[in-house]
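Residue numbers (my numbering), protein chains in the order written: chain X, 73 to 386; chain W, 73 to 386; chain E, 73 to 386.
Derived from the structure by calculation, the hints contain no laboratory data. These figures come from a predicted structure and were not determined experimentally. Treat the hints with caution; some may be incorrect.
As the list claims (entries may be wrong) - A short, non-exhaustive set of chain X residues, derived as facing chain E with CB atoms under 10 Å:
hint, residue
1, T109
2, V139
3, S145
4, G153
5, V170
Said to hold, decoys possible - With a straight-line cut-off of 35 Å between C-alpha atoms, the simulated DSBU-like cross-links for lysine-lysine are:
hint, chain 1, residue 1, chain 2, residue 2
6, W, K249, X, K106
7, X, K143, E, K106
8, E, K108, X, K108
9, W, K249, X, K108
10, E, K249, X, K106
11, W, K189, X, K108
12, X, K106, W, K189
13, W, K189, X, K249
14, E, K108, X, K106
15, X, K189, W, K296
16, E, K106, X, K249
17, E, K143, W, K96
18, E, K108, W, K96
19, E, K189, W, K249
20, W, K95, E, K108
21, X, K143, X, K189
22, X, K96, E, K106
23, W, K96, E, K189
24, W, K106, X, K106
25, E, K369, X, K143
26, E, K95, W, K108
27, X, K108, W, K108
28, X, K106, E, K317
29, X, K95, W, K249
30, X, K143, E, K296
All C-beta atoms in this analysis are idealised placements derived from N, C-alpha and C, irrespective of residue type, glycine included.
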Amino acid sequence: MNFTSVTDILDVETFVQEAIALKKTPFAFQHLGKNKTLGLVFLNPSLRTRLSTQIAAQNLGMNVVIVNADKDSWALEFQDGAVMDGNTVEHIRDAAPVLGSYCDIIGVRCFPGLLSKAVDDSEHIMRQFIQWTNKPYLSLESATLHPLQSLADTITMAEHRPAHRPRVVLTWAPHIKPIPHAVANSFAEWTNRLEVDFVITHPEGYELNPRFSGNARIEYNQQKALEGADFVYVKNWSSYAEYGKILSQDTSWMLTNKHLENTNNARVMHCLPVRRNVELSDEILDGPYSLVQEQAKNRVFAAQAVLKRMLENL
Amino acid sequence: MNFTSVTDILDVETFVQEAIALKKTPFAFQHLGKNKTLGLVFLNPSLRTRLSTQIAAQNLGMNVVIVNADKDSWALEFQDGAVMDGNTVEHIRDAAPVLGSYCDIIGVRCFPGLLSKAVDDSEHIMRQFIQWTNKPYLSLESATLHPLQSLADTITMAEHRPAHRPRVVLTWAPHIKPIPHAVANSFAEWTNRLEVDFVITHPEGYELNPRFSGNARIEYNQQKALEGADFVYVKNWSSYAEYGKILSQDTSWMLTNKHLENTNNARVMHCLPVRRNVELSDEILDGPYSLVQEQAKNRVFAAQAVLKRMLENL
Amino acid sequence: MNFTSVTDILDVETFVQEAIALKKTPFAFQHLGKNKTLGLVFLNPSLRTRLSTQIAAQNLGMNVVIVNADKDSWALEFQDGAVMDGNTVEHIRDAAPVLGSYCDIIGVRCFPGLLSKAVDDSEHIMRQFIQWTNKPYLSLESATLHPLQSLADTITMAEHRPAHRPRVVLTWAPHIKPIPHAVANSFAEWTNRLEVDFVITHPEGYELNPRFSGNARIEYNQQKALEGADFVYVKNWSSYAEYGKILSQDTSWMLTNKHLENTNNARVMHCLPVRRNVELSDEILDGPYSLVQEQAKNRVFAAQAVLKRMLENL
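Okay, chain X solo, but in the shape it has when bound (with noise of 0.2 Å):
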């Protein structure tokens, strides 16, 4: 079993439920993690994710061991028959096949460059992780998804559900870098499989990519597109149409309560980090509706619901 996206989960209702589970017998398979070994692979930094993935591997009694590729490792190459007399010093296909037999689950955490839409979309890092390692693949991030990340904001949801059909904003918020899509896909993908009414909005040219964005309603008006919300999503993303661009630093997208006064008492979620009064105001981060917080501690749950799951299978 791979997790990658929310398509390696048939049933995402039932399996937010055993995340919830967990959430209260954390330690209650302890055994099945006995002498099993989780890799963590990071080409990039990570807080969250780091720890909550390594929280969740020994509440299930598994060892951890962890590569910062590029620092503590050798420069990894991913062209397929380079010659290999420049700056990476070992080549995927002889790296991820050690990984393999020494772990018996990999976890990969690869950013997009921005630089090459085909390039990012094609996921050839995790891609060949997932060939040379052949063993089950935990993202932990990839160049379009972040999988864990929306397990845990599903779960968040599922535990603040209102009792109607509730409404769920995907916002675009300002952002002084080119920042990857892949949070923003991810909870599309996954919100798109929820009993939710779902709207996107963003400035015009920030369309993403509708693989992941699917028949979720695209609204430019944010003001129109948040009355009535239940959940408000905020995150910013780079142009998905001119590929990894900066179109727009409007801060007046940037939530404040004022945003929210035609919502139904709104929660407000974020993945973080978060740029504060760039992204997303203080006065919402540190008020009585944010849930930033409580997605954060689901991730040791998102985690170990996910991490139960390929060890049953191994």
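Fit chains W and E to the known structure of chain X by using the hints.
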């Protein structure tokens, strides 16, 4: 329970004896830490603190997760209300609660900037970690204090205590760089709680913050200060009055055997790392009166005594 | 017991069989490492060595602590009598005993500088770690040798040993950088202890230190050397005579299937990381005769056999 200063310990003498007892049976309390996680955050380099705290936690059966901030993770912002459009990626107000929700105890190393006395004295980094993690806080050295070091130093002096009331001298030593005051402040703060005669000696202008040096006698003549000493603690620090400045590099302050002639066969102490033949001479470090390795070894049992008490109070 | 060279192992053949037995029951000796700590010090990058040694230790029930020297910790000084007024912050004479008092076994990776033959041949870094930690020392590759690699190589050859007395060829390969001699020296040293015909082939000027190559036959004609080979070990190294220099980048020395035509269906070995299509061709690495992944996998059981023996002798 937090551990940031000697003021967190009501009965220093009993606590020291507890640590000495743990040294004899380090694995006697492994049930205490079962399924508990210690999170260690390093904003600065560390050898002894990193390893001794890990080993102390493992001796108690805890799991340990480590964040090398700014390297493995995201650059942190500490300013309230900051508009985060610069180099920092995550605010302590968001990162710290995540650490708090993942871990049962949080240890943080945060050196002073040595640029602003007011900022460093306020312990603004440590205070924010304490405020926002909402979990027991273990100082791995802060801007002004290094209590785990001082506890280890106190244990070491207890193990070598002469029959008479000991004379303890803290002497400044030369160095090539501006060095924090934490070890010296902390040693003074702890030693002021012991039944000893305590003298601090340094060139004029190197007076420590009186909040920590308290009623200790200050003697500017090093040779006079050393007379009859049982323990000599060697340490460089930068000026506190002219904050963070180097006022002297007078090499005559570097201890050699000659300096110790009028002591009471004084045992010599240093927290390590030490710049040999700048702060302290080879002949002392490699001679029979050095206690530096015993201090380092006691770091494990200092950390273990503190973690044990924290676990008992969870 | 230290493990720095084949000379630390009295009976290589028995030891190899012990490692092969551990491969079948890796968790059979977890009581041996209970409450024992392995300290790993990396002065250089590492993937296989880092992970395989950690996993071997965990298989034996040990705790592992890791120091990435110069990154997580303090820059080390190795010169006796140094006046430390430069970039180094801590002397090996102070740091190593601390590691020794914290850990039960110490593993160190310390590559050569390739600037001074005398300095590297003296193994001045490794010797000081051994001298000052005063604990069993596990070489994770030193200036001149890489015995864990060679033990894994020897295990791999034992698993694929033909019925007849095998012919083993160590062949030099091109590279773009000056590379240490450790893997080649070490392979020669171990293979000289086996019941095999052993040939070393390289361009003139690339003779290894005869202390390690011993009585192995040297053949400058690669094609002649490869005739009838059962195992071909491919490795670059810089000149030992003109110490640390690159004397040849003759690409005809890079093995392709064509080179292997007159061998006895030779199995091809390399320690990894390998620069593809510089040191060794894709067609061999991805072909049916490559043993590189089996060598890598055996690194776990090589380390485990050594650690098991060390633990039994504590």
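Hint by hint, where does the structure go against what was stated? Just the numbers, ascending.
6, 9, 10, 11, 12, 15, 16, 23, 28, 29 and 30
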